[in-house]
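Trainee: With the hints as your guide, set chain B onto chain A.
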Amino acid sequence: MLGPRRHPPVACPFPNSDAGLSIYTVVGFSSLSVADYVDMTQKMRPDVVIGLADVAYGTTSGRRRHEKSGLRTCNWIKYSIDKRKDSLPTESGRHGPAFFAPVLPVPAEAQSQYLKTLADELKDDINGLAFYDSSIVTDFPPALQHLPRLSLTEPSGPQQVLRDVTLGVDIFTLPFISAATDAGIALDFAFPVPANEQNTTTRRPLGTDMWLVIHSTSLQPLSARCACYACSNHHRAYIQHLLNAKEMLAWVLLQIHNLQIIDCFFAGIRESLAGKTFGNDAEKFESTYEPQLPVMTGQGPRIRGYQYSSRGPGEPKRNAKAFGILSNVMSANSKLDDC
Amino acid sequence: MNNDINDHITFHLQSSSQDGGMRLGSLTVHNQQTIKTPHYVAISSRGCVPHVTQDNLYRRTGVCGMHVALEDCEPLR
Chain A
1 MLGPRRHPPV
11 ACPFPNSDAG
21 LSIYTVVGFS
31 SLSVADYVDM
41 TQKMRPDVVI
51 GLADVAYGTT
61 SGRRRHEKSG
71 LRTCNWIKYS
81 IDKRKDSLPT
91 ESGRHGPAFF
101 APVLPVPAEA
111 QSQYLKTLAD
121 ELKDDINGLA
131 FYDSSIVTDF
141 PPALQHLPRL
151 SLTEPSGPQQ
161 VLRDVTLGVD
171 IFTLPFISAA
181 TDAGIALDFA
191 FPVPANEQNT
201 TTRRPLGTDM
211 WLVIHSTSLQ
221 PLSARCACYA
231 CSNHHRAYIQ
241 HLLNAKEMLA
251 WVLLQIHNLQ
261 IIDCFFAGIR
271 ESLAGKTFGN
281 DAEKFESTYE
291 PQLPVMTGQG
301 PRIRGYQYSS
311 RGPGEPKRNA
321 KAFGILSNVM
331 SANSKLDDC
Chain B
1001 MNNDINDHIT
1011 FHLQSSSQDG
1021 GMRLGSLTVH
1031 NQQTIKTPHY
1041 VAISSRGCVP
1051 HVTQDNLYRR
1061 TGVCGMHVAL
1071 EDCEPLR
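Protein chains in written order, with the working numbering: chain A, 1 to 339; chain B, 1001 to 1077.
Don't read these hints as lab results, they were simulated from the structure. By construction, the Cβ of each residue, glycine as well, lies at the ideal position given by its N, Cα and C atoms. Just so you know, not all the hints are guaranteed correct.
Claimed, not checked - Below, simulated DMTMM-like cross-link-like pairs (lysine to aspartate or glutamate); rule was C-alpha separation at most 25 angstroms, straight line:
(1) A:K83 / A:D39
(2) B:K1036 / A:D263
(3) B:K1036 / A:D139
(4) A:K83 / A:D120
(5) B:K1036 / A:D133
Said to hold, decoys possible - With beta-carbon atoms standing in for the labels, derived distance ranges:
(6) A:A320 / B:G1062: 18 to 24 angstroms
(7) A:G28 / B:S1016: 42 to 48 angstroms
(8) B:C1048 / A:G314: 29 to 35 angstroms
(9) B:T1034 / A:R318: 38 to 44 angstroms
Next comes chain A alone, as it looks inside the complex (with noise of 0.2 angstroms):
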């Protein structure tokens, strides 16, 4: 799936305007025309494109530039989908990339020409809606209730999830999933709540953070009931020393067990729904569990460049300094040794 920008972006210090949107590349800000965006995804040929939307990062803003947000994104997804039509020869065998029309994260009598454009004009067009903010979700318009839903936005954990699941939505993006690898948490968590965690006097932690002294003799696998190649191949105790030891292995292995985490979540999820047991079960799992992520105590691995932007003048380095001259850090050494 292609989208115009990272998910979560950096915010840009100047605002989209009708040449384009604000982007952060690897050689800076810039502004990407609609005209470009077009071509270039056509160039790409993803499975889905993400049409571009005015969504202004990291701003907030009033009623007049919503309205504007509207106007200018109606106009960029017009002209979007006039160049597919354009470009796809009319026999069949070929195709081109499904396209998912954006919605804006301003409210709905805002962006209601937009909406309305979509559902009366375009809905033979699009293939999907994809969205900024959950809260949009109940005011789709009724003809575009048929279209997948991919959710842009930034759960803070499981639990929201599970809210935006019962709004509607059907594909989601979990920047939470990466942001806890990176922290050093094993997640652990199971949807539905197994028998024998609820009924708990105490409310179960949602991850374990694994930079703690106390898992360096612990045996036990990340998580106790996950079949990942981490929990099966190894112990607590040696991802905490690869953890310290700042080894790559150590977020390698922490990545791929809450993938895992997160594919059984969702499993969970679906066979809930089918089982009509997903109320309950959402309700206890917001019970059973506690309702934020664990905080982060260890470092994690390097800051890199797409990650952040500087602010101004004079900023401090966001990664420690990796090497010093010898003799200033052996004396650094040394003096630690007298302590």
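Mentor: Just chain B now, with coordinates in the frame of chain A:
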């Protein structure tokens, strides 16, 4: 969904609740892979999920879709 352009992807709603909320569905891409929904797609940097190489991604995880950002691929020339 009634013309050629839409053959690339099909979405079947298997069930939805009466008050317009939660829904079960299946999304089929290219008439090949089917993703049952609700599900997630992994967030990636140009096709790379953080910390996991492509071989491990296919062998050790069940990830069946990913989100790619065009701004990560700019400039293309």
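Trainee: Evaluate each hint against the coordinates.
Mentor: Now for the hints, and whether the structure bears them out:
Between K83 (chain A) and D39 (chain A) the CA atoms are separated by roughly 9 angstroms; this keeps the pair inside 25 angstroms, and the hint holds. Between K1036 (chain B) and D263 (chain A) the CA atoms are separated by roughly 11 angstroms; this keeps the pair inside 25 angstroms, and the hint holds. Annotation: proposed proximity of K1036 (chain B) to D139 (chain A) holds, straight-line Cα distance about 24 angstroms (limit 25 angstroms). Taking the CA atoms of K83 (chain A) and D120 (chain A), the gap is about 19 angstroms. The hint holds against a cut of 25 angstroms.
For the given pair, K1036 (chain B) sits about 22 angstroms from D133 (chain A) by alpha-carbon distance, which is consistent with the 25 angstroms threshold. Against the hinted window of 18 to 24 angstroms, the Cβ-Cβ separation of A320 (chain A) and G1062 (chain B) comes to about 35 angstroms, which falls outside the hint. Range check, G28 (chain A) to S1016 (chain B): Cβ separation about 45 angstroms, and the 42 to 48 angstroms hint holds. Here the CB-CB span from C1048 (chain B) to G314 (chain A) is close to 33 angstroms, well matched to the stated 29 to 35 angstroms.
The supplied range of 38 to 44 angstroms is met by T1034 (chain B) and R318 (chain A), whose beta-carbon atoms lie about 41 angstroms from each other.
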